[in-house]
Amino acid sequence: MKVDRNIRFAGIVNEKGEVIEGGFQQGIKPLLSERMEQEMYVQSLVNVITLREMNDRLGALKYSLSEHEKVILLTFPLEKGILCISASQKANALKIRDKVAAIIKDPSKRSQKKV
52 MKVDRNIRFA GIVNEKGEVI EGGFQQGIKP LLSERMEQEM YVQSLVNVIT LREMNDRLGA
112 LKYSLSEHEK VILLTFPLEK GILCISASQK ANALKIRDKV AAIIKDPSKR SQKKV
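All residue numbers for the sequence shown refer to my numbering, where the first residue is 52 and numbers rise by one.
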């Protein structure tokens, strides 16, 4: 994927918790079952909704980062839904964050780069 070759998955999850765009990079095997993946997307969505309820006190949520032994997970709130990214441990999460945030902020960059 163009933002970083260590990205395993990038997908837009709608307000129902369904991946509506994106998927795994070619040749990447999911670490979770399909059911567990779906649960993770729904939980990520719930986390973003919960954190948004605190925007008036904490400021707007920019992203969420979880580091696991095997993968790094980044979640970005969108106007409707979220962008979920999974990357290998080799990835530089902050570089991915910065590149993705720039693409989200400037819509003209969306057509030029794929995550």
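Read the hints as simulated data drawn from the structure, not as lab findings. On a predicted model such as this, the values are computed, not experimentally measured, just so you know. Careful, some of the hints might be misleading.
[Unchecked claim] Straight-line distance between alpha carbons at most 20 Å, and here's what the computed EDC-like set of lysine to aspartate or glutamate pairs gives:
1. 80 <-> 107
2. 131 <-> 107
3. 131 <-> 66
4. 131 <-> 157
5. 53 <-> 157
6. 141 <-> 118
7. 113 <-> 85
8. 150 <-> 120
9. 67 <-> 104
10. 150 <-> 55
11. 121 <-> 85
12. 67 <-> 85
[Claimed, not checked] With beta-carbon atoms standing in for the labels, derived distance ranges:
13. 84 <-> 107: 35 to 41 Å
14. 106 <-> 77: 22 to 28 Å
15. 103 <-> 78: 33 to 39 Å
16. 109 <-> 80: 32 to 38 Å
17. 156 <-> 71: 18 to 24 Å
18. 120 <-> 156: 29 to 35 Å
Glycine included, every Cβ here is placed at the ideal spot set by N, Cα and C.
The hints, checked one at a time:
1. 80 <-> 107: Between residue 80 and residue 107 the Cα gap is close to 40 Å, so the pair fails against 20 Å, i.e. violated.
2. 131 <-> 107: holds (19 Å)
3. 131 <-> 66: holds (6 Å)
4. 131 <-> 157: Roughly 17 Å separates the two Cα atoms, so the pair holds.
5. 53 <-> 157: Judged against 20 Å, a Cα distance of about 17 Å means the pair holds.
6. 141 <-> 118: Within the cut-off at roughly 12 Å; holds.
7. 113 <-> 85: violated (27 Å)
8. 150 <-> 120: violated (23 Å)
9. 67 <-> 104: Given that 20 Å is the threshold and the Cα spacing comes to 18 Å, the pair holds.
10. 150 <-> 55: At roughly 9 Å apart (the allowed maximum being 20 Å), residue 55 and residue 150 satisfy the hint.
11. 121 <-> 85: Given that 20 Å is the threshold and the Cα spacing comes to 18 Å, the pair holds.
12. 67 <-> 85: holds (16 Å)
13. 84 <-> 107: 35 to 41 Å: holds (38 Å)
14. 106 <-> 77: 22 to 28 Å: violated (37 Å)
15. 103 <-> 78: 33 to 39 Å: Given range 33 to 39 Å: holds, Cβ gap about 35 Å.
16. 109 <-> 80: 32 to 38 Å: holds (37 Å)
17. 156 <-> 71: 18 to 24 Å: Holds - the Cβ-Cβ distance for residue 156 and residue 71, about 21 Å, lies within 18 to 24 Å.
18. 120 <-> 156: 29 to 35 Å: holds (31 Å)
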